[in-house]
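J.: What follows is the residue order along each chain.
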Amino acid sequence: MKKSVQIKKGVQVKKEGAQMKKPVFIVSAVLLLLVFVLGTLLYKSEKLDQSAKMAEQNQSFLAREHAPRLGPAEAKVHLVEFFDPACGTCREFYPLVKDLMKANRDKIRLSLRYAPFHAGSDNVVRILEAARKQGKFWQTLEAVLASQPRWAPNHKAELELLWPQLGNLGLDLERVRRDMYAPEIESVITQDLADAKALNVTMTPEFFVNGRPLPSFGYEQLKKLVDDAVATAYR
Amino acid sequence: MNTIEPKGRDPSPDGAWTLVFLAWLIASASTLSALFLSQVMDIAPCVLCWYQRIFMFPLVFVLPAGLFPFDARIVRYAFPLTVAGWMIALFHVLVVAGVIPENVSPCAQGIPCKDQQIEWFGFLTIPLLSLIAFSVIGLLLLSTYFKVSK
Chain A
202 MKKSVQIKKG
212 VQVKKEGAQM
222 KKPVFIVSAV
232 LLLLVFVLGT
242 LLYKSEKLDQ
252 SAKMAEQNQS
262 FLAREHAPRL
272 GPAEAKVHLV
282 EFFDPACGTC
292 REFYPLVKDL
302 MKANRDKIRL
312 SLRYAPFHAG
322 SDNVVRILEA
332 ARKQGKFWQT
342 LEAVLASQPR
352 WAPNHKAELE
362 LLWPQLGNLG
372 LDLERVRRDM
382 YAPEIESVIT
392 QDLADAKALN
402 VTMTPEFFVN
412 GRPLPSFGYE
422 QLKKLVDDAV
432 ATAYR
Chain B
3 MNTIEPKGRD
13 PSPDGAWTLV
23 FLAWLIASAS
33 TLSALFLSQV
43 MDIAPCVLCW
53 YQRIFMFPLV
63 FVLPAGLFPF
73 DARIVRYAFP
83 LTVAGWMIAL
93 FHVLVVAGVI
103 PENVSPCAQG
113 IPCKDQQIEW
123 FGFLTIPLLS
133 LIAFSVIGLL
143 LLSTYFKVSK
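Line by line, the protein sequences are chains A and B. For the first sequence, the working numbering begins at 202 and goes up steadily by one. For the second sequence, the working numbering begins at 3 and goes up steadily by one.
Among the clues, some could well be false.
Claimed, not checked - Mimicking SDA-like on lysine to any residue, the simulated pairs with C-alpha atoms at most 25 angstroms apart in a straight line are: (1) A/K245 - B/L39; (2) A/K425 - B/L141; (3) A/K245 - B/A31; (4) A/K425 - A/P269; (5) A/K223 - B/S145; (6) A/K254 - B/A67; (7) A/K223 - B/A46; (8) A/K245 - B/A67; (9) A/K222 - B/V64; (10) B/K152 - B/P71; (11) A/K248 - B/D44; (12) A/K222 - B/F63; (13) A/K299 - A/F318; (14) A/K254 - B/I45; (15) A/K277 - A/L423; (16) A/K245 - B/S35; (17) A/K223 - B/V95; (18) A/K299 - A/K425; (19) A/K254 - B/I120; (20) A/K222 - B/L34; (21) A/K398 - B/E121.
The hints are simulated quantities; they were obtained by calculation from the structure and are not laboratory data.
Please take these sequences and the hints and turn them into a complete structure.
T.: Right, here's the structure in full:
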């Protein structure tokens, strides 16, 4: 008899307690989630502000006259790619970037900047710049990228393997060998690496669309950034 | 018989309830913070962070099961998770401090566990926050146990 009464009492106490406790629990859970959601929104909007501010600051490092470029100078969307001729992802992105250029003809211009992070790839950049003096930059770039697996085994650029790949381009290879160590080419590489550092480019390829970096790496993100920029510039 | 039953059916578990509730609050805050760091701030969790998450996240759902209605046996179920998480957090803190060299820790590949993206006030790193959270949850669960078994 006594025991059952006690248990009943216990249940009653528990019930009264629960009436207080449940709301406390639910309100806490809702508050926690609310803080999470508000924090997320606040963080995202702050980041967006930052990237807009960054875009303005970036322009001074991005607008360099010396960079090889493609597309009309009056195009309002400026795509800047930092690339490494020995980088496999840069090779894969080359046709994609070309498609992007084609899809937005007359609205977009491309500047290529060098970020030779791989061992020995600064020499490949020298060859590209020397070929540019002969007006054969883009052909040479395409040949270099196409044959990349053959001259950059183990991600290391080896010039002896690269030279044979450049035979059919009509390049004066003797002149290339002479020109590639010219001081103006040296200064281009130094300038590009300094700008890459200032822009916090640590991996290649890295893209900037009107000064804005990719929110995260990927072709879809690049395409969206370009499409948005074109839509804004040509409303 | 008599020894186990009263523990589970403490007639006035208010103090103990609050302790478990506080443990749940800390576990939930820690879980949401971890999700904020990885999903919102895009800081990728390293291997050791994942192991700590494995023991922290379930507490958010296990602890309330002992709150409604209050059941002190929740301590038995939640404490092993807490201890396991606490030990990994301690290991992580020691890796960050350099006491344990990185190459004997399981983070040689991928995201290095030694690199710290966040250091509040110059010393408060993510693994240290995790260690503090697991410690407080453990202490709360222990005091729940002693309060109820009295």
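J.: Indicate, hint by hint, whether the structure satisfies it.
T.: Evaluation of the provided hints:
1. A/K245 - B/L39: Distance ~13 angstroms between A/K245 and B/L39 Cα, so the pair holds.
2. A/K425 - B/L141: 50 angstroms, violated
3. A/K245 - B/A31: 20 angstroms, holds
4. A/K425 - A/P269: Distance of about 24 angstroms is within 25 angstroms: holds.
5. A/K223 - B/S145: Within the cut-off at roughly 22 angstroms; holds.
6. A/K254 - B/A67: 48 angstroms, violated
7. A/K223 - B/A46: Roughly 35 angstroms separates the two Cα atoms, so the pair is violated.
8. A/K245 - B/A67: It is violated: about 34 angstroms lies between the C-alpha atoms, which goes past 25 angstroms.
9. A/K222 - B/V64: 17 angstroms, holds
10. B/K152 - B/P71: 20 angstroms, holds
11. A/K248 - B/D44: 12 angstroms, holds
12. A/K222 - B/F63: Judged against 25 angstroms, a Cα distance of about 17 angstroms means the pair holds.
13. A/K299 - A/F318: 23 angstroms, holds
14. A/K254 - B/I45: With a Cα-Cα distance of about 22 angstroms, the restraint between A/K254 and B/I45 holds, given a limit of 25 angstroms.
15. A/K277 - A/L423: It holds: about 17 angstroms lies between the C-alpha atoms, which stays within 25 angstroms.
16. A/K245 - B/S35: Holds, at about 15 angstroms.
17. A/K223 - B/V95: 36 angstroms, violated
18. A/K299 - A/K425: 15 angstroms, holds
19. A/K254 - B/I120: Holds, at roughly 23 angstroms.
20. A/K222 - B/L34: 22 angstroms, holds
21. A/K398 - B/E121: 24 angstroms, holds
In summary, the structure is inconsistent with hints 2, 6, 7, 8 and 17 from the numbered list given earlier, while agreeing with the others.
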